[in-house]
Amino acid sequence: MLSIKNLTVNINDKAILNGINLEINAGEIHAIMGPNGSGKSTLSHVLSGKPGYQITGGTIHYKGKNLVDMAPEIRAREGVFLAFQYPVEIPGVSNVYLLKAALNAVRKHQGLDEVDAMDFLSLVKAKIKTLDMDERFLYRAVNEGFSGGEKKRNEILQMAILEPALCILDETDSGLDIDALKIVAEGINALRSPERAFIMVTHYQRLLDYIKPDYVHVLAHGQIVKSGGADLALALEKEGYGWLEEGQVSA
Amino acid sequence: MSDSTQEINQIINQEYKQGFVTVLETDTFAPGLNEVVIQQLSAIKNEPDFMLAYRLQAFRHWQSLTPPTWAQVTIEPIDYQAISYYSAPKRKEDGPKSLAEIDPEVLAAYKKLGIPLDEQERLAGIAIDAVFDSVSVATTFKDKLKEVGVIFCPISEALRDYPELIKTYLGSVVPHTDNFFAALNAAVFTDGSFVYIPKGVRCPMELSTYFRINAANTGQFERTLIIADEGSQVSYLEGCTAPMRDENQLHAAVVELIALRDATIKYSTVQNWYPGDKQGKGGIYNFVTKRAECRGDNSKVSWTQVETGSAITWKYPSCVLLGNNSVGEFYSVAVTNNYQQADTGTKMIHIGKNTRSTIVSKGISAGHAQNTYRGLVKVLKSAENARNYTQCDSLLVGDQCGAHTFPYLEVKQPSAQIEHEATTAKIGEDQLFFCQQRGLSAEDAVSMIVNGFCKEVFKELPMEFAVEAQALLGLSLEGSVG
Ligand SMILES: Nc1ncnc2c1ncn2[C@@H]1O[C@H](COP(=O)(O)OP(=O)(O)OP(=O)(O)O)[C@@H](O)[C@H]1O
Ligand SMILES: [Mg+2]
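Taken in order, these protein sequences are the chains called A and B. Everything in the first sequence is counted per the working numbering, starting at 1 for the first residue and increasing by one. Everything in the second sequence is counted per the working numbering, starting at 1 for the first residue and increasing by one.
Keep in mind that the hints were calculated from the coordinates and are not lab data. In this text the structure is predicted, and so the values were computed from the model without any measurement. All C-beta atoms, glycine included, are put in the ideal place defined by N, C-alpha and C. Possibly wrong hints are sitting among the right ones.
[What the hints assert, rightly or not] Okay, the calculated beta carbon distance ranges per label pair:
(1) B/Thr423 <-> A/Gln110: 31 to 41 Å
(2) B/Asp143 <-> A/Lys129: 58 to 68 Å
(3) A/Asn10 <-> B/Ala108: 52 to 62 Å
(4) A/Glu89 <-> B/Leu409: 24 to 34 Å
(5) A/Tyr139 <-> B/Ala53: 55 to 65 Å
(6) B/Phe406 <-> A/Glu89: 18 to 28 Å
[Unchecked claim] From chain A, some residues computed to sit far from chain B (all C-beta separations above 12 Å):
(7) Met1
(8) Pro35
(9) Leu131
(10) Arg196
Based on the sequences and whatever the hints tell you, model everything.
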């Protein structure tokens, strides 16, 4: 589904990603871990088309198409979803309005009719319930005054409504309390399907306790320095990243 | 500036679509202002003597005044002798009796603006007075309105046909001594609308005036007077456009509203004067005095304005709440872009008991524009239990623009309850990208954010015009949830 080859990316002429290679198939869950500042969010942003990054080399293909050439909204409509590490607030625009506009944009792209207002409301209400969110969040402005954890949960609500094919979760677990983590993880698990792939950026094993990854990658200094199975995350939890500096890298 | 900021700017920054010029034969005065010009003006309009006397008195007073300097705007000095004070499409003898006599070019111009004046294409349920430069060229549905006693006509006609109403009310809310531009307007005003709603009548249609500046080197001096007699109701809307020119042109208007006991006036403006080009050259100077008097008990006046045009806007639609339990409202969206400057707001003067006022102001600045809210809430000793709620929000697009808020408060009555809220938000690149990541185009995202920001004001506009106002911001609002 996603194929990244030798990807190098600069921000303001400073190299941030230094040759990323990553193959992701439908149905798989990939966890990306790594120290602060190693380039995890940068990778997530580049995949979703955020402006301000210069791709200096390599290729990204998504479902066989060149992702780099697609405008960010087209990528979104084609099924690339990013749950942001820091979701922004949009004053004056209600959550439900954004959700409906987003869903209709995706549907239109797929050649479907706009969703009927009643159907939409029952869909949203069902999803919001599974995430244990109050319905009042629907009518509040997007993320405005939401707590850190509420914002993260709101991202997952959007993902549940849009049903994307490639879900990129950038530290969705950070800021969630213990119960919320469980609820969000259940929400994510509910979306697991053979047609869908996940990239989960995380610092902690506890998310992976709920959602077992097929692969774990360690990103450091803009490169994937180590890849492995679910047990790699357990090892990292014990050992930290000190070994990176000691030259024990054996990717 | 990054790509997406540019993108936001482009979207807000659409081409001015009403900037065309209509080529016409006109009667135009040579530039210059003196008592002879005022006499000619009064004569060409066939005015009664009392009007000429009023104008001359105002002119003499104006000569003793200097232009105000307190507004947060930068303005080149205006040469009042370089302006022509009268320009009108040439007409046969006594003015057009029917649309057939109006210059077809003028009709075509209105049609191009989306304001059809001819019989077949009229907008149902909306009566229109079309003011072209210095004269009203047509008023639709006049006769139909007369059947219920509603008078809706050009003010120049009202001067001749309803002198008693004019004598009683003209200048009774905004006297010619009020300020520099009000004095100038009283001396040289040319046309505008006159509305009288008789006792107990609920006006069966929206009334609307469409102001068009066409001629070069002229000023437009609009004068509008609306009287809602006891227990009556009316909703009135004005729209404004002008051609694109490199010179600044002056639109100095005076609007007076009078609401008697139990009467309600709703006054909406969609102002889209030419704002000047992207470098700030040209554009209309929109210097306007608008004031309403809630003269009777339980009367209500509501101002709603969407201000997108003009190089400089200087405008404070106000309410004098004289009657007990009277209500004043002000809902405003002011958009400034490029080098536009707006200094706008309102004054709510509480005099009667239990008077209430609401102010909701939404300022949007983009480019290098400066947007100022200036508002006064004044509660006199007599205004027991007066209440005011003010909400003042600013939205900044990019980081070259500015928003300023000057709320003034004078309270002489201890039982008054005053609330003030203010916020400033920014449309950043991050918000735009967030929306795009959810599948919305940049255009729809800006539209959604701006409309969301302005929602509370748009919902005060009559339906048809809310749509126009949204379109004006270069935006389309899809879907209805939210
Ligand atoms: N606009 C920018 N200008 C300069 N440097 C930047 C910019 N954005 C990101 N960086 C740098 O790029 C590097 C990678 O940042 P990124 O946000 O991708 O890290 P991360 O792995 O997500 O870290 P964290 O675990 O803290 O979220 C960091 O050194 C960061 O300072
Ligand atoms: Mg990060």
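Verification of the supplied hints:
no. : hint                              : in the structure
1   : B/Thr423 <-> A/Gln110: 31 to 41 Å : holds, 38 Å
2   : B/Asp143 <-> A/Lys129: 58 to 68 Å : holds, 60 Å
3   : A/Asn10 <-> B/Ala108: 52 to 62 Å  : holds, 56 Å
4   : A/Glu89 <-> B/Leu409: 24 to 34 Å  : holds, 30 Å
5   : A/Tyr139 <-> B/Ala53: 55 to 65 Å  : holds, 59 Å
6   : B/Phe406 <-> A/Glu89: 18 to 28 Å  : holds, 27 Å
7   : Met1                              : holds, 18 Å
8   : Pro35                             : holds, 24 Å
9   : Leu131                            : holds, 17 Å
10  : Arg196                            : holds, 17 Å
In summary, the structure agrees with every hint in the numbered list given earlier.
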